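Peer 1: Sequence:
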Amino acid sequence: MTWHLAAIDSATERTLDAWMAFEVPFDGPDRPWTWHLVGWRLEGGRGQVSSPVVQLDPVARKAVTRSGRVYELGKRPGLNPDAFATWSAWKRRHGLRDEREVTSELEEVLLAGVR
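In this text, residue positions in the sequence shown follow UniProt numbering: the first is 1, and each later residue adds one.
Derived by calculation from the structure, the hints in this document are not laboratory data. Hints are not guaranteed to be accurate.
[As the list claims (entries may be wrong)] Pairs of lysine to any residue residues, derived as SDA-like cross-links and limited to a Cα-Cα distance of at most 20 Å, are as follows:
| hint | residue 1 | residue 2 |
| --- | --- | --- |
| 1 | Lys-91 | Glu-23 |
| 2 | Lys-91 | Leu-111 |
| 3 | Lys-91 | Thr-103 |
| 4 | Lys-91 | Phe-26 |
| 5 | Lys-75 | Phe-26 |
| 6 | Lys-91 | Lys-75 |
Source: prediction; values computed, not measured.
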């Protein structure tokens with residue numbers, strides 16, 4: 001996947017801890033798959049699923065989604081049971097079955113930004 005990498009000046013709206021990244025055919029099976037962040041939202045203490053990620057700032061560990069929301073990724077990726085349940089419900093609501101877990105790929109992008 002090709003990313004638009006740039007500094008994100010917007011104030012952080014959501015902070016995700018114990019986060020993961022998934023790729024799904026959100027826009028349809030014949031369109032490029034989109035990446036979504038899934039994690040425990042520190043503000044409000046609940047699971048969160050993002051709309052498609054459109055921009056990354058590896059240095060600040062921030063992502064902007066199609067909806068314009070800004071997410072800051074906590075230092076530790078991982079699986080939070082509540083966030084994963086939210087992800088499962090989100091996929092059902094959007095009629096999605098196929099997924100690829102791409103957390104390690106996102107971590108590589110984040111690490112490359114600080115080298």
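Peer 1: Against this structure, judge whether each hint is valid.
Peer 2: A quick look at each hint next to the structure:
Between Lys-91 and Glu-23 the alpha-carbon distance is near 11 Å, which keeps this suggested pair within the 20 Å criterion. A distance of roughly 28 Å separates the Cα atoms of Lys-91 and Leu-111; the hinted pair therefore is violated under the 20 Å criterion. A distance of roughly 17 Å separates the Cα atoms of Lys-91 and Thr-103; the hinted pair therefore holds under the 20 Å criterion. Taking the CA atoms of Lys-91 and Phe-26, the gap is near 9 Å; set against the 20 Å cutoff, the hint holds.
Distance check on the hinted pair: Lys-75 and Phe-26 sit about 27 Å apart at the alpha-carbon level, beyond 20 Å; violated. Using a Cα cut-off of 20 Å, the hinted pair Lys-91 and Lys-75 is violated, with the two alpha carbons roughly 26 Å apart.
Hint violations for this structure: numbers 2, 5 and 6, all remaining hints satisfied.
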